[in-house]
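K.L.:
If you want the building blocks of each chain, they are given just below.
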Amino acid sequence: SQQGEEDPQALSIQEGENATMNCSYKTSINNLQWYRQNSGRGLVHLILIRSNEREKHSGRLRVTLDTSKKSSSLLITASRAADTASYFCATGNYGGSQGNLIFGKGTKLSVKP
Amino acid sequence: DAGVIQSPRHEVTEMGQEVTLRCKPISGHNSLFWYRQTMMRGLELLIYFNNNVPIDDSGMPEDRFSAKMPNASFSTLKIQPSEPRDSAVYFCASSFQGGFGNQPQHFGDGTRLSIL
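Line order of the protein sequences matches chains B and W. FYI, in this note's numbering the residues of the first sequence are 1 to 113. FYI, in this note's numbering the residues of the second sequence are 1001 to 1116.
Just so you know, the hints here were simulated from the structure itself, not pulled from any lab data. Please note: incorrect hints may appear among the correct ones.
[Unchecked claim] With a straight-line cut-off of 20 Å between C-alpha atoms, the simulated SDA-like cross-links for lysine to any residue are:
#1 Lys108(B) with Gln1037(W)
#2 Lys108(B) with Glu1044(W)
#3 Lys105(B) with Pro1104(W)
[To be verified] Partial pick of chain B residues on the chain W-facing surface, computed with a CB cut under 8 Å:
#4 Pro8
#5 Ala10
#6 Thr27
#7 Asn30
#8 Gln33
#9 Arg41
#10 Leu43
#11 Gly92
#12 Leu101
#13 Phe103
Each residue gets a CB set at the ideal place from its N, CA and C atoms; glycine is no exception.
The task is simple: from the sequences and hints, build the whole structure.
P.N.:
Written out as structure tokens, the structure is:
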């Protein structure tokens, strides 16, 4: 069953602009993860935020988590054409044993040079 | 370091044929996942293993699909007989689950399957 739902489904911006993608989920989680998928490739893990964390940074990436609203956002600052990809959120749930993650349908980001 | 290796990268076959997809997880990882990705349904978990034991196969669409993990370094996903609606990209992923919480998964580059 779908857990994470990303918003928007597609986003087109100019190089240098910031890109913000949102993710909503339904059940209690132990962590939330963001992945990137380039065309024709597998998903690549970007960042993990635990349920007791509110914000996390990694390079040009900033992730926030609001467990009261069951939502997360991924901000990519100063975007580059190479950031063009699909971005997915995935949740690890309490009771979701053995490492299972539930992925959303993704946001397709296009960064125009 | 070698990542998750999947083979073949592309497979085109006629309906009714048996299809076998292969996966070599990252050495040391103890969990392995098979996913299917289509435009319509997104990324779907088919089955996952922990320490070579199938934990949840509720995502396997029907009895035509089967998966095995005979040892820690190899897994197969088999479709027999194949149908056109099985056409999709199939991904294998692995992770190390050793403590609290769901750890990041490492994905292979997938097998693009076309059933004619």
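K.L.:
Could you tell me which of the hints above the structure violates, numbers in ascending order?
P.N.:
4, 5 and 6
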